[in-house]
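First to last, the sequence lines map onto chains V and S. Every letter in the first sequence is one number past the one before it in this note's numbering, and letter 30, counting from 1, is 140. Every letter in the second sequence is one number past the one before it in this note's numbering, and letter 197, counting from 1, is 209.
Hints were generated in silico from the structure; no laboratory data involved. Here the structure is a predicted model, which means the values were calculated and not measured. A few of these clues could be false.
[Claimed, not checked] Keeping only pairs whose Cα atoms sit at most 20 Å apart, straight-line, the calculated SDA-like set for lysine to any residue is:
#, chain 1, residue 1, chain 2, residue 2
1, V, Lys-182, S, Leu-250
2, S, Lys-348, S, Lys-411
3, S, Lys-510, V, Met-111
[What the hints assert, rightly or not] Part of the chain S face toward chain V, derived, beta carbon under 7 Å:
#, residue
4, Ala-69
5, Leu-465
6, Tyr-472
Where is the CB? At the ideal position from N, CA and C, for every residue including glycine.
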Amino acid sequence: MDQIKRILGVLWLLLAIVVAYYSVFYFGIPKITSEAQEDIVFGVIILCVLTPIISLGLGFFGYFALSGAYDKKEQ
Amino acid sequence: MNEQIETKSILKVIGISSLGTLIEWYDFYIFGSLAVVLSTKFFPLENPTAAFLSTLATFGAGFVVRPFGALFFGSMGDLIGRKFTFIMTLTLMGGSTFLIGCIPSYAQWGYAAPALVLLLRLLQGLALGGQYGGAATYVAEHAPEGKRGYWTSWIQTTATLGLFVSLMVIFSVKNILTEADFDAWGWRIPFLLSIFLVFISFWIKRYMDESPVFQKAKKEGKTSKSPIRDSFGNKYNLKYILLALFGAVLGQGVIWYTGQFYAMTYMKKVMEVQTDQVDLLLGIALLIATPFFVFFGWLSDKVGRKWIMLLGMALAVITYRPIYEQMYQTTNTDNKTEMVNQTKVSSQKLSRSYGEEHQQITTKKYTDGTVYRLVQTTQVKPDKTEVTYHSNTKTITPKDRNMLCFYTFLQVLYITMVYGPIAAFLVDLFPAKLRYTSMSFPYHIGNGVFGGLLPAVSTYLVSNAQINNDPQFYLAGLWYPIAISGVCFIIGAIYIDKSFIKHK
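Generate coordinates for the entire structure from the input sequences, incorporating the hints supplied.
Structural data, given as structure tokens:
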């Protein structure tokens, strides 16, 4: 199980990068540069609030998982 | 005898904490429950969709600052004590809510009105960010061993009951006043009632004792000198904060806000059901489901907390789309037979501050008793430009109302599974000296940020899908809670381990 936890750490790191990429280039920038107010509100929420938490948080989580911080023997 | 005294003492702790927390949630949620009417009071009327989204964003702003409240008041609670912090947050919340009820409208004060609302909403968010973790920690630290899940689940009922009380207060005020009076000034009453919270918080203070676990830690010099640094600056604690966030609280947060707030927004805005009918059916569903918080809290003491929470997440991921499909189709007038000879069309001209307004009202009746009122409003500005928008409402039948009540109940049931045991789960995860800060922060990121922004994000996804002619546009808002709950389920299932839970 500890091995699976470590291997999946890579997946969380990759997911953090993919989320950041799509959030910035597909949901964030195109929306905040739009003229519609509802698009701008959505873009700000995605770009300034949700993306930093998901990408940084998931990135750190992935790093911890990869380095074995969640192994049973570590507790 | 000792057991009797112990039970009496824990009942007092539960009673005081639950009362305080319930009123706090009430204060926080009346803003959301009145979102539709607030959007017409504090924002320009020219674009109702933008005004509603701005209201949801202001509502969401209160959620976004909750983690900062968790850090500020959490560290205060770990440094000074649970009792003092608890009272402070209650007073701040009561004062802010009362003042929202006093702010003049956009028509009177212009942009100063929404700016002040936003400021007070931020103060509400900070107060709640500090309050919930304190109440959960306070109760858990008084609870007998092996019963944390059961006793803290009473605190967990207060969020749903707070929403229920807010809906019922609004419903009562609406029924006492005429529609015109409620629209003119009656909507302020639920906010103004919060002044009582300030008095209640001082009354509560007289009956509260400091948490025994905190007192002991303080006596032994084991409290933290810098809870924020100790919580986030040390890898051992930080990894648990991240695990709590990505393995439990994110999923719990989005499920909570989907089942209660998004369901409400969805029925009102997407399905166009009459506001009063939605408030009532949601209130009934909340009331019927509330005992399950205590049941799942109790069960989590017996069988463990992890799989109860994860089962709630799995059910949400699998069944949200079918549930919302059924909800939508229940009141979809395409599935009903219209009595064409009873259709009425009327029109009226209204004079507004920004020009003239022409309204065309079409009332359609259906064989099952549904009444669909379609209002097309055309605003004519002084420069003769025209803006047209639609605001439609359905008055649904008792049969349809019962079906919607059942589907909402199912969603609230999932909430009780993920939310009932979570306070005990978080308390167990962190040591007493950092508990208030460490448990409050992920809780408010998950619930405040990811949950609180859910109605705004999901409503946007629906309207965007509608613009793009997606035939199932009404389900588009669910991708957000489904994706987050799905990832959270996988992380929780793999990484949460019994050996992590070892703090008294």
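Comparing the hints with the structure gives:
Only pairs whose Cα atoms come within 20 Å are accepted, and V:Lys-182 paired with S:Leu-250 is accepted, the gap being roughly 17 Å. Our distance criterion of 20 Å between C-alpha atoms is met by S:Lys-348 and S:Lys-411, whose separation comes to about 13 Å. For the proposed pair S:Lys-510 and V:Met-111, the alpha carbon gap of about 14 Å is at most 20 Å, so the pair holds. Because the beta carbon of S:Ala-69 sits about 5 Å from the nearest beta carbon in chain V, less than 7 Å, this interface hint is met.
Below 7 Å, beta-carbon pairs count as interface contacts, and S:Leu-465 has one with chain V at about 6 Å; its hint therefore holds. Against a cut-off of 7 Å between C-beta atoms, the interface hint on S:Tyr-472 holds, since the closest Cβ of chain V lies about 4 Å away.
Violation of the numbered hints given earlier is absent; every hint is satisfied by the structure.
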